[in-house]
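The listed protein sequences derive, respectively, from chains A and B.
Residue numbers for the first sequence follow the numbering used here, beginning at 1 and rising by one.
Residue numbers for the second sequence follow the numbering used here, beginning at 1 and rising by one.
Keep in mind that the hints were calculated from the coordinates and are not lab data.
You may find that some hints are simply not true.
Once the Cα atoms are required to be at most 25 Å apart in a straight line, the calculated BS3-like pairs of lysine-lysine come out as [as the list claims (entries may be wrong)]: (1) B:Lys27 / B:Lys84; (2) A:Lys107 / B:Lys75; (3) B:Lys165 / B:Lys151; (4) B:Lys84 / A:Lys107; (5) B:Lys27 / A:Lys107.
Among chain A residues calculated to face chain B with C-beta under 10 Å, some are [claimed, not checked]: (6) Ala43; (7) Ala63; (8) Leu66; (9) Ile69; (10) Val71; (11) Pro73; (12) Ser75; (13) Arg79; (14) Thr99; (15) Asn108.
Per the computed footprint, the stretches of chain B lying under chain A, defined by three or more beta-carbons under 8 Å from a beta-carbon of chain A, are [as the list claims (entries may be wrong)]: (16) 84-96; (17) 130-139; (18) 157-171; (19) 187-196.
All residues carry an ideal CB built from backbone N, CA and C; glycine is no exception.
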Amino acid sequence: MAKLYRLITAVLRLAVAGAAAAAAIIMVTSHETTSFFGIEMEAKYSYTPSFIFFVVAFAVGFAYSLLVILVRPGSTASRLVLLSDVVVGMLLAGAVAATGAIADVGKNGNEHAGWLPICPQVRAYCVHVEGALIAGFVSLLVHFLIIMYSLHAVAEPLCCSH
Amino acid sequence: MDLEHGSKTKLPAAPAAATPACQCNNKLLQLGDRLVAVQPVVLRAAAALATAVAAAVMALNTQSYTAVVAIIGTKPLMQTFTAKFRYTPAFVYFVIVNAIAGTYNLLVLIIRRLILQRRTGGLVVHMLDMVIMALLATGAATAASMAELGKKGNLHARWNPICDKFGSFCSRGGIAIVSSLIGVALMLALNLLSAAANAHRPNVVGQ
């Protein structure tokens, strides 16, 4: 039973690490230069602090997921892992939320503030950021599944002796 | 032993001694246990207050000013520029999430006695605590990113900062975000305490 638990969590954590790495890499490689009406416009992830936070947070999520596979279930470190799982999940969720806010302004603009949407001008950049957001969401979802499964495994005795 | 109930099982085991030193020790133990039992109530009340304040301050956040836009002949044309929280989806989400968190904490405070008698009730409250704390964190993150955009703008996207024109709107928004972050920290402390208390249970699901 403990081996099954360990296998399932290892597979899920590898999925989280993969999706987090994908999200960070897709965001880092988003870059487009275009010119309209003679004005040159360059769009890059490093021009927005929220996108930089997104890259850093998912890099941390990737490293954390890989490191946590090495923890043995049932030891004192595994209780700490459950707690740090929640904290890292909050970090990833905050990164996705912040990036989502900026992406929404970039796509729909904000007429009250006089901010025009930039997606019609830099369409490939927008698609890139959308892809990174989707990968981030997938990573967050699987991380949430890991937390739920860990709680379920903790709440039932792992070994069938009462 | 439960977080909310303190360590009631410890008190009867304390030996009833006649010497004053032992009596002082017993009194100190009782005081310590009472403090431990009252911690989650104080933390939860503070978290409810912080999130309610954040929601209220952001919801009442509005500012407008009138400026001359053009002069037609000799008559100046005035226009009113307004900034409200509901012009930005991020702030709307922020208000909603903080309202949810404040109401949840208030509810748990009020019906504490009913819920926490059973073990499953304590577990459910712990799970909901984690979920609502994660929601709060996302709300604060998204509002902070919009606030940073409003303050510094983004010259590459030709988005001008608005905080120089709407100064008090920005500062009130900042206060709301800080209050929400304090609420997140308090709920994290609550979660840690609950986790530490639950870890001492030999069998978590009811016996």
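Evaluated hints:
{"no.": "1", "hint": "B:Lys27 / B:Lys84", "verdict": "violated (55 Å)"}
{"no.": "2", "hint": "A:Lys107 / B:Lys75", "verdict": "violated (38 Å)"}
{"no.": "3", "hint": "B:Lys165 / B:Lys151", "verdict": "holds (10 Å)"}
{"no.": "4", "hint": "B:Lys84 / A:Lys107", "verdict": "holds (20 Å)"}
{"no.": "5", "hint": "B:Lys27 / A:Lys107", "verdict": "violated (64 Å)"}
{"no.": "6", "hint": "Ala43", "verdict": "holds (7 Å)"}
{"no.": "7", "hint": "Ala63", "verdict": "violated (20 Å)"}
{"no.": "8", "hint": "Leu66", "verdict": "violated (22 Å)"}
{"no.": "9", "hint": "Ile69", "verdict": "violated (22 Å)"}
{"no.": "10", "hint": "Val71", "verdict": "violated (16 Å)"}
{"no.": "11", "hint": "Pro73", "verdict": "violated (15 Å)"}
{"no.": "12", "hint": "Ser75", "verdict": "violated (13 Å)"}
{"no.": "13", "hint": "Arg79", "verdict": "holds (6 Å)"}
{"no.": "14", "hint": "Thr99", "verdict": "holds (8 Å)"}
{"no.": "15", "hint": "Asn108", "verdict": "holds (9 Å)"}
{"no.": "16", "hint": "84-96", "verdict": "holds (count 5)"}
{"no.": "17", "hint": "130-139", "verdict": "holds (count 6)"}
{"no.": "18", "hint": "157-171", "verdict": "holds (count 5)"}
{"no.": "19", "hint": "187-196", "verdict": "holds (count 4)"}
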